[in-house]
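Asks: Work the whole structure out from these sequences, hints included.
Residue numbers (the working numbering), protein chains in the order written: chain D, 1 to 81; chain H, 1001 to 1081; chain W, 2001 to 2135; chain C, 3001 to 3135.
Simulated from the structure, these hints should not be mistaken for laboratory data.
Note that the Cβ used here is the ideal one computed from N, Cα and C, for glycine as well.
Each statement offered as a hint is correct.
Covered stretches of chain H, going by a simulated chain W footprint (3 or more residues, C-beta under 8 Å):
#1 1004-1010
#2 1065-1076
With a straight-line Cα cutoff of 25 Å, these simulated SDA-like cross-link-like pairs (lysine to any residue) come out:
#3 Lys2114(W) <-> Ala3100(C)
#4 Lys3114(C) <-> Met51(D)
#5 Lys2114(W) <-> Asp1018(H)
#6 Lys3114(C) <-> Val3042(C)
#7 Lys3114(C) <-> Trp2069(W)
#8 Lys2114(W) <-> Ile2009(W)
#9 Lys3114(C) <-> Glu13(D)
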Amino acid sequence: MTITCRFFARYAELMGHDELELFLPPSATVRDAIDALRQRSGGASALPETMLVAVNREHTRETHVLDDGDELAFLPPLAGG
Amino acid sequence: MTITCRFFARYAELMGHDELELFLPPSATVRDAIDALRQRSGGASALPETMLVAVNREHTRETHVLDDGDELAFLPPLAGG
Amino acid sequence: MALVGPEPIDIGSLIDEVSSLERGGTVVFIGSVRRGPEDGPVAAIEYSAYEEMAEQEFGRILTVARDRWPAAGLAARHRLGTLPTGTPSIAVAASAPHRADAFEAARWVIEEAKRHLPIWKREQFDDGTRSWREA
Amino acid sequence: MALVGPEPIDIGSLIDEVSSLERGGTVVFIGSVRRGPEDGPVAAIEYSAYEEMAEQEFGRILTVARDRWPAAGLAARHRLGTLPTGTPSIAVAASAPHRADAFEAARWVIEEAKRHLPIWKREQFDDGTRSWREA
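Replies: This is the structure:
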């Protein structure tokens, strides 16, 4: 299945871009997505092992099971205002 | 001695004016001034027996001894804002 | 700058007065003439004051507040005269490096002002009648 | 009306949005880009957001606040982009029949926004260097 990954702020800077498509087996979790990303070369390997995540704009946890077409966002620590 | 009395809001309405000169013996207190006022005919007799007062723009009490030339203000209950 | 007087309250200039680069948080309180279900058919409120004393007392309130929140910027106004419902009658602006102080200082100043300023209100109702409102 | 976006924050129109005759007390909070002794030589802050989510989260915060303070009027904005020191980045307006509610609602909304909006800051210093500021 295809997951759209989005990166913001420091993570986008690390990655060198703010969006990529990730291909994962069915029933993959957010944790699986993070592991798959961190095995890549380049900035992705420098991503933290645990990150704040949102799926389809809702905060969620690493155990969340992804669906095809989901938007998975990686959020650096928040500092609004 | 001469005391300038000032009346505000409801008290000015009762009195029909917002200022009058009061002639009092030396060492008269605020209480003496109130008593002298309330013995007058007209609106003054309807003034409350106790009132919030200020002498020369400072809150004070009925026992305050007045000086010649003082400004004695009678303040209805406050309701600013 | 008169703290008490007939001029309309300019919120923008009140904010400008308290702003500075070190103060990241600004709180403005605006009190307006209200016409709610508890208020009856209020058309306007006439505000009158012992002006010289109100000016002095409001100045003192700000002085005490500056002493309590030394890093804060503070400004305030109370308008006098006949103000139709919806019109601002009092405003307080407080800025500070951190927002908690800005909130506390603004709140403190408005509470003190409501309690201590020698200012009185007379309500004007839709039918033309008027009545003093005392706290 | 977008809650999050690049447009300058218009405090006057925020106040207008929450005003009504029944609501006698209005509190406005304005957060600006600060340059104080603790901040270093900050020239500007770049604000970036997960915009769709920030818009949704800010909307939810206001919905919860309206539920908690049903008589209140509430409005808010968060500005994005590169904002020089002194520029407002966030503003919240709350009005209510009584001022205690206006103060509480404004404070609650700003605290929630600071904690939950997916918005990030990168500081730009006088020497041209930049650094992410994380809470």
